[in-house]
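Keeping their order, the protein sequence lines are chains P and V. Our numbering puts the first sequence at residues 81 to 581. Our numbering puts the second sequence at residues 56 to 565.
Because the hints were derived from the structure by calculation, they are not lab data. Careful, some of the hints might be misleading.
[Stated by the list, open to error] Calculated pairs, SDA-like style, for lysine to any residue (alpha carbon to alpha carbon, straight line, at most 25 Å):
| hint | chain 1 | residue 1 | chain 2 | residue 2 |
| --- | --- | --- | --- | --- |
| 1 | P | Lys234 | V | Gly501 |
| 2 | P | Lys106 | V | Gly439 |
| 3 | P | Lys106 | V | Ser449 |
| 4 | P | Lys234 | V | Ile434 |
| 5 | P | Lys234 | V | Leu504 |
| 6 | P | Lys234 | V | Pro445 |
| 7 | P | Lys106 | V | Pro445 |
| 8 | P | Lys234 | V | Val513 |
| 9 | P | Lys234 | V | Glu510 |
| 10 | P | Lys234 | V | Arg442 |
| 11 | P | Lys234 | V | Thr506 |
| 12 | V | Lys520 | P | Ala102 |
| 13 | P | Lys234 | V | Ser443 |
| 14 | P | Lys234 | V | Phe509 |
| 15 | P | Lys106 | V | Phe509 |
| 16 | P | Lys381 | P | Pro309 |
| 17 | V | Lys520 | P | Gly235 |
| 18 | P | Lys234 | V | Val79 |
| 19 | P | Lys381 | P | Ala237 |
| 20 | P | Lys106 | V | Arg442 |
[Unchecked claim] Derived list of chain V stretches under chain P, where covered just means 3 residues or more per stretch with a C-beta under 8 Å from a C-beta of chain P:
| hint | segment |
| --- | --- |
| 21 | 83-96 |
| 22 | 482-495 |
Quick reminder that beta carbons are idealized off the backbone N, C-alpha and C, glycines included.
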Amino acid sequence: MTPDMLIAAALILPLVIAAGIAAAGKVPNLREGITLVGAVGLFAIVVQLTLLVASGQRPELYIGEAIPGLAFAFKLEPLGALFAFVASGLWIVNSFYSIGYMRGNRERNQTRFYICFAIALCGAMGVAMAGNLFTLFIFYEVLTLSTYPLVAHKGDAAAQRGARIYLLTLLGTSIGFLLTAIMWTWVLAGQNLDFVEGGLLANANLSPIVASSLLLLFVFGVGKAALMPFHFWLPNAMVAPTPVSALLHAVAVVKAGVFAVMKIALYIFGDELLQATPSREFIMVVACITIVLASLIAMTKDNLKARLAYSTIAQLAYVTLGAMLADRAGMLGGSLQIAAHAVAKITLFMCAGAIYVATGLTNISDMKGLGRKMPLVFIAFFVAALSIVGIPPLAGDWPKYELMQGAIDGGYDWVPAVLIISSILNIAYLLPIPILALMPPPGSKPPKEFKRPGGAPWLTVAAPLFTAALCFVLFFTVDTLGDFLAPALATVDIDPEVNIP
Amino acid sequence: MILESLLVSAPEWAIRHASVLIPVVPLIMAPMLTLSPSRRLAWILSIAATAASFYFSLLALAIVQTEPGGVIEYWIGNWTAIGIEFRIDALNAMVLLIVSGMGFLAAVFAWPTLVAEIAKEKIALFLSAFLLCFAGLCGVAATGDAFNLFVFLEISSLATYLLVAMGASRDRRALPAAFDYLIMGTLGASFYIIGVGFLYAATGTLNMAELAAQLPALSGNRAVQVGFAFIIVGLGIKAAMWPLHQWLPNAYAFSPSFVTMFLAATATKVALYALIRWLFTIFQPDIGFEQAIFTWVLAPLAIAAMVICSFQAVFQTDVRRMLAYSSVAQVGYIILGISIGTAAGVSAGLLHLFNHALMKGALFMAVAGICLNYKGTTIRDFAGLGRSAPFTMSALAIAGLSLIGVPLTAGFMSKLQLGYALFDHGWWWAVLLVVFSSFLAVFYVGRLLQTIFFEAPVNPRKNRKEAPLLLLVPLWVLALANIFFGIDASFPVGLANDGAVAALGMEAFQ
Chain P
81 MTPDMLIAAA
91 LILPLVIAAG
101 IAAAGKVPNL
111 REGITLVGAV
121 GLFAIVVQLT
131 LLVASGQRPE
141 LYIGEAIPGL
151 AFAFKLEPLG
161 ALFAFVASGL
171 WIVNSFYSIG
181 YMRGNRERNQ
191 TRFYICFAIA
201 LCGAMGVAMA
211 GNLFTLFIFY
221 EVLTLSTYPL
231 VAHKGDAAAQ
241 RGARIYLLTL
251 LGTSIGFLLT
261 AIMWTWVLAG
271 QNLDFVEGGL
281 LANANLSPIV
291 ASSLLLLFVF
301 GVGKAALMPF
311 HFWLPNAMVA
321 PTPVSALLHA
331 VAVVKAGVFA
341 VMKIALYIFG
351 DELLQATPSR
361 EFIMVVACIT
371 IVLASLIAMT
381 KDNLKARLAY
391 STIAQLAYVT
401 LGAMLADRAG
411 MLGGSLQIAA
421 HAVAKITLFM
431 CAGAIYVATG
441 LTNISDMKGL
451 GRKMPLVFIA
461 FFVAALSIVG
471 IPPLAGDWPK
481 YELMQGAIDG
491 GYDWVPAVLI
501 ISSILNIAYL
511 LPIPILALMP
521 PPGSKPPKEF
531 KRPGGAPWLT
541 VAAPLFTAAL
551 CFVLFFTVDT
561 LGDFLAPALA
571 TVDIDPEVNI
581 P
Chain V
56 MILESLLVSA
66 PEWAIRHASV
76 LIPVVPLIMA
86 PMLTLSPSRR
96 LAWILSIAAT
106 AASFYFSLLA
116 LAIVQTEPGG
126 VIEYWIGNWT
136 AIGIEFRIDA
146 LNAMVLLIVS
156 GMGFLAAVFA
166 WPTLVAEIAK
176 EKIALFLSAF
186 LLCFAGLCGV
196 AATGDAFNLF
206 VFLEISSLAT
216 YLLVAMGASR
226 DRRALPAAFD
236 YLIMGTLGAS
246 FYIIGVGFLY
256 AATGTLNMAE
266 LAAQLPALSG
276 NRAVQVGFAF
286 IIVGLGIKAA
296 MWPLHQWLPN
306 AYAFSPSFVT
316 MFLAATATKV
326 ALYALIRWLF
336 TIFQPDIGFE
346 QAIFTWVLAP
356 LAIAAMVICS
366 FQAVFQTDVR
376 RMLAYSSVAQ
386 VGYIILGISI
396 GTAAGVSAGL
406 LHLFNHALMK
416 GALFMAVAGI
426 CLNYKGTTIR
436 DFAGLGRSAP
446 FTMSALAIAG
456 LSLIGVPLTA
466 GFMSKLQLGY
476 ALFDHGWWWA
486 VLLVVFSSFL
496 AVFYVGRLLQ
506 TIFFEAPVNP
516 RKNRKEAPLL
526 LLVPLWVLAL
536 ANIFFGIDAS
546 FPVGLANDGA
556 VAALGMEAFQ
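Turn these sequences into a full structure, and let the hints guide you.
This is the structure we're talking about:
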């Protein structure tokens, strides 16, 4: 297939899958078969596209203009390829996991669940491959709307409330700030919204005030990046079934947000304009506050998914921080975090789901000693938690290293301190969970019997073990990843001289 | 493409007389309906008349687009320069297309609602009044004569008062609503005619093109300025410009559902067209006093409408009243676009005029479909309808999302254009208010959709079923148009840009 056909296929295939799932709704085995085959097919397409990008090509697809100057156009560059690769690859793992979870849990409306999941993947692919801000915004909203029924899946009052907050926050910030910023950009750039290497607005001679306001609108408009104070939708989205939290609220949706921030920083502002934008440092401070505060809040949560959600908020701010550092190491660190955090956090969520299916437990305090009964799950949890903390040889080590490097290059000596505090807090709120489960303090009560006979379905155990193994793999393949991303960051200064006192 | 082939296949007389036939066919058909032996025949004739108008509107649009000058000048009875002129350029060709298209869809959809809501012996008379109203609206949009515009305005208004009052068989409150509308509408028309009188006294002509030629020299004339003020207020009442909109919520809420749908999609649009015609073609914005009125009168009123009426919509319990307040807010968007005074602004206003007809038409049609079987229009009544009437309700959902301005719907495109025009003019603060108002729309539409799709029915025994096919077809035509024009907006944007050029003159785009 030609590159443009591959992009079209990556966008259309999820919709075909959704239609197939709808048609096969009455036959669960066929329905799940379609999901799995489709997920593998999508991954195969994305792999081909990624190889093309790695060989220096930039696959493009131009569909047409909605109104003059606003085109539906797609162009894949390394950063987008990375995001598409992570999302589609983990969709396969997550699909296996979903089958185990949804059946093991006897959830209702499974057909609707799988349909919305496939449409959400279409949204994620569109965000990853968008060639201009307009297309990115459209698919960003497709992602929001298609995940709303997934959050509201249970249908009870709590789920409806959570889903309403989810929808209103994401729609509100995106229509309120992001769309405003896009329209403003359209005017400033002379009716153009394309992602341009070196920055669309680089030569627009923006005054610092205009650039600052625009950057604030963009960064806070991307509500999916969960920067405080627009982070509260994420804990509320945890009412969704765990596979949704695992793939969408640890990988596809939130990464679409930080990915958009990174794209805007690189291709709309460009590093030079970003360096000269005063509000950049304000956003860095907000990101650092988010990192520390979200970690502190995570410590207070006894509900496992809520704790993981706050952990996600903190980890997402790393990417925003990296983008705002606007030098090569910082942006590389942010980009690596997209992949590294994805594999680790999806593992943690899948473990939480496996525990829930087997025992019905959601609170951490009830899980002491549970590791004796489900050791594999907690070992996977332990590995992923170490990766989040950033201990070698696990994937999470590299983003932190690069971010610190970038911060020092830029002259921000306090940023590494924040990152170190964050690591310590990660240790404090994540590691006790598997340690107490595997090695309960003497005299504590033995855990209750499994609610589900036979414990967790094997698919829900195998999937997190696989992604935990990926944390190791990613540590050792970081060179390849760095080389792959290098062209996207080639225009960015290694050692900006601004800000160094 | 389609328009050109239409032009080739059309007979010579149709091309020559297209502009005048748009209002004349329904005008002649209206009295004939009263003689119709059967109700069903009357309905079919009304469809035929509106379809003919639609056809001639398309033809007029095709002529305007292919003609080098882009203007059809038609002197009735060939009384050139002293008689009544029908003058169609890209601006009113677009409005005629909206009015006649929506009128046609309304006529098709009318039957089931008439049977349900209007007494048997009155149906033919009712349709006759509908055609009069329709002919009047088409006439307002087609004429090039200031006084003739008043005549057509009154034809449509008188018929409208009647149509609104017919809702009394369902709810007696339709009578005071119609009376309010009568008083307000008559005030508006009187203001308009007083204004035209002042201008006639100053210039000695009623022809719009002639007025446009003479007025720049008279901009300091007090009579002209007073006439301008009277005309703007008069048309403002008709267009439901905040705070002159008080007649609208009740008129929409209590009239028969067919009338609500037709009026929401056409009546205020035509008044807004007349406003644009007066503001930009007859008076030109570069005449000193008008720019100040744009910035200090129209824009603040438009913003007040957007924000205040969106707030009011949030607190309504009746779906039709909620949509009515939302209509006033949407009129605010259109007037905001106009008040920018640039080509981009007028174009954005016109685009929203087009899109708003599509979305409100669809919304009121869906509500009408529900009222047929299930006599309740409060939000609570809609609970759980998503399961029992999925086709009607999903069309309503599409139109509702379009009203919010969700991407991939028509409403998104018009808000995008409006935002662009505002930024371009430097009114970034107004963008924030547009966005805020859209956010309020998320609330009131979202509350309705959530009730429809996620809540359990309050009284499950009541008769709740899908709207009849005759209603579903036009409903889905509109719903799909909302999506189509959200993906490929080149047709309405082209129309709106041409219309803005026609209103402001070519040099506005330089």
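Against the structure, the hints come out as follows:
no.	hint	result
1	Lys234(P) / Gly501(V)	holds, 19 Å
2	Lys106(P) / Gly439(V)	holds, 24 Å
3	Lys106(P) / Ser449(V)	holds, 23 Å
4	Lys234(P) / Ile434(V)	holds, 23 Å
5	Lys234(P) / Leu504(V)	holds, 18 Å
6	Lys234(P) / Pro445(V)	holds, 20 Å
7	Lys106(P) / Pro445(V)	holds, 20 Å
8	Lys234(P) / Val513(V)	holds, 21 Å
9	Lys234(P) / Glu510(V)	holds, 13 Å
10	Lys234(P) / Arg442(V)	holds, 17 Å
11	Lys234(P) / Thr506(V)	holds, 16 Å
12	Lys520(V) / Ala102(P)	holds, 24 Å
13	Lys234(P) / Ser443(V)	holds, 20 Å
14	Lys234(P) / Phe509(V)	holds, 11 Å
15	Lys106(P) / Phe509(V)	holds, 23 Å
16	Lys381(P) / Pro309(P)	holds, 18 Å
17	Lys520(V) / Gly235(P)	holds, 23 Å
18	Lys234(P) / Val79(V)	violated, 58 Å
19	Lys381(P) / Ala237(P)	holds, 21 Å
20	Lys106(P) / Arg442(V)	holds, 18 Å
21	83-96	violated (count 0)
22	482-495	holds (count 7)
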